[in-house]
Amino acid sequence: MIQINNLNFSYGLKHTLNSINLNFDGSQIISLVGPNGCGKSTLLKCMCRILETPNNSIIIDGLPLHTYSRHDLAKLIAYVPQHPSLNMSISVIDAIKIGRTPHMNFRLSKKDENIVFEVIEKMDLEHMAFTSLHELSGGERQRVLLARVIAQQSKILFLDEPTSALDLRNQLETAELLRNIQQEQELTVIVAIHDLNLAGRFSDTVVQMSNGKVYSHGAWKQTITEESIMDVYGVHSHISHVQGVPYIVSLKASEYGITHQELPLKPKRLQS
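Be aware that the sequence shown starts at 1, since it is given in the numbering used here, and climbs by one per residue.
Treat the hints loosely; a few may be bogus.
As the list claims (entries may be wrong) - Calculated pairs, DSSO-like style, for lysine-lysine (alpha carbon to alpha carbon, straight line, at most 27 Å):
#, residue 1, residue 2
1, Lys155, Lys122
2, Lys45, Lys97
3, Lys155, Lys75
4, Lys97, Lys122
5, Lys155, Lys110
6, Lys45, Lys75
7, Lys122, Lys110
8, Lys75, Lys97
9, Lys14, Lys213
10, Lys111, Lys75
If you're looking for bench data, these hints aren't it; they were derived computationally from the structure. In this text, all values refer to a predicted model and were calculated from it rather than measured experimentally.
Go ahead and model the full structure; you've got the sequences and the hints to work with.
Below is the structure:
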(Lines of atoms letter the chains of each structure in order from A and count residues from 1; the text may use other names and numbers.)
(Lines give C-alpha, C1' and ligand atoms only; values in the text may rest on other atoms or scores of the structure.)
Protein backbone atom coordinates (compact mmCIF):
# COMPACT_ATOMS: atom_id res chain seq x y z
CA MET A 1 0.00 0.00 0.00
CA ILE A 2 1.21 3.49 -0.88
CA GLN A 3 -0.31 6.51 0.82
CA ILE A 4 0.54 10.09 -0.16
CA ASN A 5 -0.58 12.79 2.27
CA ASN A 6 -0.68 16.44 1.25
CA LEU A 7 2.63 16.19 -0.61
CA ASN A 8 4.21 19.44 -1.77
CA PHE A 9 7.53 19.76 -3.55
CA SER A 10 9.50 22.65 -5.01
CA TYR A 11 12.66 23.04 -7.05
CA GLY A 12 13.89 26.21 -5.41
CA LEU A 13 11.11 28.77 -5.84
CA LYS A 14 9.27 26.71 -8.45
CA HIS A 15 6.34 24.81 -6.95
CA THR A 16 6.21 21.49 -8.80
CA LEU A 17 3.79 19.42 -6.71
CA ASN A 18 0.88 20.92 -4.81
CA SER A 19 -1.23 19.12 -2.18
CA ILE A 20 -1.00 15.61 -3.67
CA ASN A 21 -3.24 13.09 -1.87
CA LEU A 22 -3.39 9.54 -3.24
CA ASN A 23 -3.83 5.96 -2.02
CA PHE A 24 -2.80 2.88 -4.00
CA ASP A 25 -3.87 -0.52 -2.67
CA GLY A 26 -2.95 -3.98 -3.88
CA SER A 27 -1.17 -5.17 -6.99
CA GLN A 28 -2.05 -3.13 -10.07
CA ILE A 29 -0.66 -0.95 -12.85
CA ILE A 30 -1.04 2.76 -12.17
CA SER A 31 -0.36 5.28 -14.93
CA LEU A 32 0.56 8.89 -14.22
CA VAL A 33 -0.48 10.98 -17.21
CA GLY A 34 -0.51 14.67 -18.07
CA PRO A 35 1.28 17.31 -20.16
CA ASN A 36 4.99 18.02 -20.08
CA GLY A 37 5.98 19.69 -16.84
CA CYS A 38 2.87 18.67 -14.91
CA GLY A 39 4.87 16.82 -12.22
CA LYS A 40 4.69 13.15 -13.25
CA SER A 41 8.42 12.43 -13.06
CA THR A 42 8.82 14.52 -9.92
CA LEU A 43 6.08 12.54 -8.19
CA LEU A 44 7.79 9.28 -9.18
CA LYS A 45 11.12 10.50 -7.80
CA CYS A 46 9.48 11.56 -4.54
CA MET A 47 7.93 8.09 -4.13
CA CYS A 48 11.36 6.53 -4.75
CA ARG A 49 13.07 8.91 -2.29
CA ILE A 50 15.33 10.19 -5.02
CA LEU A 51 13.91 13.55 -3.99
CA GLU A 52 13.53 14.20 -0.27
CA THR A 53 10.01 14.91 0.96
CA PRO A 54 8.56 16.03 4.30
CA ASN A 55 8.32 13.32 6.96
CA ASN A 56 5.11 11.27 6.84
CA SER A 57 4.03 12.70 3.49
CA ILE A 58 4.61 9.29 1.85
CA ILE A 59 3.77 6.02 3.61
CA ILE A 60 4.66 2.63 2.10
CA ASP A 61 3.45 -0.58 3.71
CA GLY A 62 2.54 1.31 6.87
CA LEU A 63 5.93 2.98 7.38
CA PRO A 64 6.97 6.54 6.52
CA LEU A 65 9.25 6.49 3.49
CA HIS A 66 12.05 8.34 5.28
CA THR A 67 12.35 5.60 7.93
CA TYR A 68 13.52 2.90 5.49
CA SER A 69 17.22 2.22 5.24
CA ARG A 70 18.66 2.44 1.74
CA HIS A 71 19.21 -1.30 1.77
CA ASP A 72 15.63 -2.13 2.80
CA LEU A 73 14.23 0.42 0.37
CA ALA A 74 16.12 -1.20 -2.51
CA LYS A 75 14.46 -4.51 -1.66
CA LEU A 76 11.04 -2.86 -1.55
CA ILE A 77 11.12 -0.66 -4.66
CA ALA A 78 12.86 -0.56 -8.05
CA TYR A 79 13.12 2.45 -10.35
CA VAL A 80 13.89 2.82 -14.04
CA PRO A 81 14.53 6.46 -15.02
CA GLN A 82 13.56 7.94 -18.36
CA HIS A 83 17.21 8.26 -19.40
CA PRO A 84 19.12 5.57 -17.50
CA SER A 85 22.89 5.73 -17.22
CA LEU A 86 24.22 2.45 -18.58
CA ASN A 87 27.67 0.97 -18.97
CA MET A 88 27.21 0.04 -22.62
CA SER A 89 30.26 -2.21 -22.66
CA ILE A 90 28.85 -4.83 -20.28
CA SER A 91 26.85 -7.85 -21.39
CA VAL A 92 23.12 -8.36 -21.02
CA ILE A 93 23.58 -10.96 -18.30
CA ASP A 94 25.91 -8.71 -16.29
CA ALA A 95 23.42 -5.84 -16.58
CA ILE A 96 20.67 -8.06 -15.18
CA LYS A 97 22.91 -9.30 -12.35
CA ILE A 98 23.07 -5.71 -11.08
CA GLY A 99 19.44 -6.12 -10.08
CA ARG A 100 20.51 -8.61 -7.41
CA THR A 101 22.78 -6.07 -5.66
CA PRO A 102 20.39 -5.38 -2.72
CA HIS A 103 20.35 -9.12 -1.91
CA MET A 104 24.09 -9.83 -2.26
CA ASN A 105 26.76 -10.03 0.40
CA PHE A 106 30.02 -9.90 -1.54
CA ARG A 107 29.16 -11.89 -4.64
CA LEU A 108 26.26 -13.62 -6.34
CA SER A 109 24.98 -16.68 -4.55
CA LYS A 110 23.64 -19.73 -6.33
CA LYS A 111 20.14 -18.44 -5.57
CA ASP A 112 20.98 -15.08 -7.17
CA GLU A 113 22.33 -16.79 -10.27
CA ASN A 114 19.22 -18.96 -10.58
CA ILE A 115 16.98 -15.90 -10.34
CA VAL A 116 18.98 -14.14 -13.07
CA PHE A 117 18.75 -17.17 -15.36
CA GLU A 118 15.00 -17.49 -14.71
CA VAL A 119 14.46 -13.83 -15.60
CA ILE A 120 16.53 -14.15 -18.77
CA GLU A 121 14.39 -17.08 -19.85
CA LYS A 122 11.12 -15.38 -18.92
CA MET A 123 12.10 -12.23 -20.82
CA ASP A 124 13.24 -14.24 -23.87
CA LEU A 125 16.80 -12.92 -23.67
CA GLU A 126 18.74 -16.20 -23.90
CA HIS A 127 19.93 -15.49 -27.45
CA MET A 128 21.54 -12.20 -26.42
CA ALA A 129 22.65 -12.97 -22.86
CA PHE A 130 26.35 -12.41 -23.65
CA THR A 131 25.83 -9.58 -26.12
CA SER A 132 27.11 -6.11 -25.16
CA LEU A 133 24.46 -3.48 -24.51
CA HIS A 134 25.89 -1.19 -27.20
CA GLU A 135 24.99 -3.82 -29.81
CA LEU A 136 21.30 -3.78 -28.89
CA SER A 137 18.45 -1.73 -30.27
CA GLY A 138 16.54 0.70 -28.06
CA GLY A 139 13.72 -1.79 -27.63
CA GLU A 140 16.12 -4.58 -26.66
CA ARG A 141 17.87 -2.36 -24.10
CA GLN A 142 14.49 -1.44 -22.62
CA ARG A 143 13.72 -5.14 -22.23
CA VAL A 144 17.07 -5.63 -20.46
CA LEU A 145 16.33 -2.76 -18.06
CA LEU A 146 12.96 -4.30 -17.29
CA ALA A 147 14.67 -7.66 -16.72
CA ARG A 148 17.07 -6.02 -14.29
CA VAL A 149 14.30 -4.59 -12.11
CA ILE A 150 12.42 -7.90 -12.26
CA ALA A 151 15.56 -9.67 -11.02
CA GLN A 152 15.64 -7.22 -8.12
CA GLN A 153 12.37 -8.84 -6.91
CA SER A 154 10.99 -5.64 -5.45
CA LYS A 155 7.28 -5.39 -4.66
CA ILE A 156 6.88 -1.96 -6.25
CA LEU A 157 8.21 -0.87 -9.65
CA PHE A 158 8.49 2.76 -10.75
CA LEU A 159 9.01 3.34 -14.48
CA ASP A 160 9.50 6.77 -16.04
CA GLU A 161 8.42 6.85 -19.70
CA PRO A 162 9.43 3.23 -20.42
CA THR A 163 8.00 3.29 -23.97
CA SER A 164 8.85 6.83 -25.07
CA ALA A 165 11.75 5.86 -27.37
CA LEU A 166 10.19 2.69 -28.77
CA ASP A 167 8.44 1.98 -32.05
CA LEU A 168 4.83 0.82 -32.14
CA ARG A 169 5.58 -2.91 -31.94
CA ASN A 170 8.11 -2.54 -29.14
CA GLN A 171 5.71 -0.31 -27.21
CA LEU A 172 3.02 -2.99 -27.30
CA GLU A 173 5.43 -5.84 -26.53
CA THR A 174 6.92 -3.95 -23.58
CA ALA A 175 3.49 -3.05 -22.19
CA GLU A 176 2.19 -6.61 -22.60
CA LEU A 177 5.31 -8.03 -20.96
CA LEU A 178 4.97 -5.62 -18.06
CA ARG A 179 1.31 -6.55 -17.59
CA ASN A 180 2.09 -10.29 -17.61
CA ILE A 181 4.89 -9.92 -15.06
CA GLN A 182 2.78 -7.65 -12.86
CA GLN A 183 -0.01 -10.20 -12.73
CA GLU A 184 2.25 -13.23 -12.24
CA GLN A 185 4.22 -11.66 -9.39
CA GLU A 186 1.38 -9.51 -7.98
CA LEU A 187 3.42 -6.32 -8.22
CA THR A 188 2.45 -2.70 -7.87
CA VAL A 189 3.68 -0.90 -10.98
CA ILE A 190 3.57 2.89 -11.26
CA VAL A 191 4.36 4.31 -14.69
CA ALA A 192 4.75 7.89 -15.88
CA ILE A 193 3.57 7.85 -19.48
CA HIS A 194 2.47 10.25 -22.22
CA ASP A 195 0.60 7.77 -24.40
CA LEU A 196 -3.02 7.93 -23.20
CA ASN A 197 -4.05 5.11 -25.51
CA LEU A 198 -1.41 2.78 -24.11
CA ALA A 199 -2.37 3.81 -20.58
CA GLY A 200 -6.00 3.03 -21.35
CA ARG A 201 -5.16 -0.41 -22.62
CA PHE A 202 -2.92 -1.63 -19.82
CA SER A 203 -3.68 0.41 -16.67
CA ASP A 204 -5.92 -0.46 -13.75
CA THR A 205 -5.78 3.08 -12.38
CA VAL A 206 -4.97 6.38 -14.06
CA VAL A 207 -3.83 9.53 -12.25
CA GLN A 208 -4.29 12.57 -14.48
CA MET A 209 -2.11 15.50 -13.45
CA SER A 210 -2.13 19.18 -14.37
CA ASN A 211 -0.10 22.08 -12.99
CA GLY A 212 1.44 19.96 -10.25
CA LYS A 213 -1.93 18.78 -8.95
CA VAL A 214 -4.08 15.68 -9.31
CA TYR A 215 -6.83 16.63 -11.75
CA SER A 216 -8.59 13.25 -11.53
CA HIS A 217 -7.84 9.62 -10.75
CA GLY A 218 -9.59 6.28 -11.03
CA ALA A 219 -10.42 3.84 -13.81
CA TRP A 220 -9.43 5.04 -17.30
CA LYS A 221 -13.02 5.33 -18.57
CA GLN A 222 -14.01 7.61 -15.71
CA THR A 223 -10.75 9.56 -15.63
CA ILE A 224 -9.88 10.19 -19.28
CA THR A 225 -12.77 11.92 -21.02
CA GLU A 226 -13.07 14.35 -23.91
CA GLU A 227 -13.78 17.08 -21.35
CA SER A 228 -10.74 16.25 -19.22
CA ILE A 229 -8.49 16.16 -22.29
CA MET A 230 -9.70 19.66 -23.14
CA ASP A 231 -9.13 20.85 -19.57
CA VAL A 232 -5.69 19.31 -19.08
CA TYR A 233 -4.20 19.39 -22.59
CA GLY A 234 -6.22 22.08 -24.35
CA VAL A 235 -7.06 19.67 -27.16
CA HIS A 236 -10.37 18.80 -28.82
CA SER A 237 -10.61 15.02 -29.07
CA HIS A 238 -12.89 12.07 -29.73
CA ILE A 239 -12.78 8.83 -27.71
CA SER A 240 -13.87 5.63 -29.40
CA HIS A 241 -13.38 1.87 -28.93
CA VAL A 242 -12.17 -0.94 -31.16
CA GLN A 243 -12.74 -4.49 -29.90
CA GLY A 244 -13.27 -3.05 -26.44
CA VAL A 245 -9.97 -1.15 -26.46
CA PRO A 246 -10.30 2.64 -25.99
CA TYR A 247 -8.42 5.03 -28.23
CA ILE A 248 -8.25 8.79 -28.52
CA VAL A 249 -8.28 10.76 -31.74
CA SER A 250 -6.83 14.26 -31.30
CA LEU A 251 -8.81 16.66 -33.47
CA LYS A 252 -7.28 20.10 -32.96
CA ALA A 253 -5.73 22.38 -30.37
CA SER A 254 -8.22 24.49 -28.48
CA GLU A 255 -9.00 28.10 -29.22
CA TYR A 256 -7.13 29.18 -26.08
CA GLY A 257 -3.84 29.04 -27.95
CA ILE A 258 -1.82 29.08 -24.72
CA THR A 259 0.21 26.57 -22.72
CA HIS A 260 -1.37 24.12 -20.34
CA GLN A 261 0.01 25.99 -17.32
CA GLU A 262 -2.34 28.84 -18.19
CA LEU A 263 -5.41 26.79 -19.04
CA PRO A 264 -8.36 27.19 -16.68
CA LEU A 265 -9.36 24.12 -14.72
CA LYS A 266 -12.69 24.10 -16.55
CA PRO A 267 -13.51 25.10 -20.13
CA LYS A 268 -15.14 28.48 -20.51
CA ARG A 269 -18.45 26.86 -21.36
CA LEU A 270 -18.60 25.31 -17.86
CA GLN A 271 -17.44 28.32 -15.88
CA SER A 272 -19.97 30.55 -14.18
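Verification of the supplied hints:
{"no.": "1", "hint": "Lys155 x Lys122", "result": "18 Å, holds"}
{"no.": "2", "hint": "Lys45 x Lys97", "result": "23 Å, holds"}
{"no.": "3", "hint": "Lys155 x Lys75", "result": "8 Å, holds"}
{"no.": "4", "hint": "Lys97 x Lys122", "result": "15 Å, holds"}
{"no.": "5", "hint": "Lys155 x Lys110", "result": "22 Å, holds"}
{"no.": "6", "hint": "Lys45 x Lys75", "result": "17 Å, holds"}
{"no.": "7", "hint": "Lys122 x Lys110", "result": "18 Å, holds"}
{"no.": "8", "hint": "Lys75 x Lys97", "result": "14 Å, holds"}
{"no.": "9", "hint": "Lys14 x Lys213", "result": "14 Å, holds"}
{"no.": "10", "hint": "Lys111 x Lys75", "result": "16 Å, holds"}
Of the numbered hints given earlier, the model fails none.
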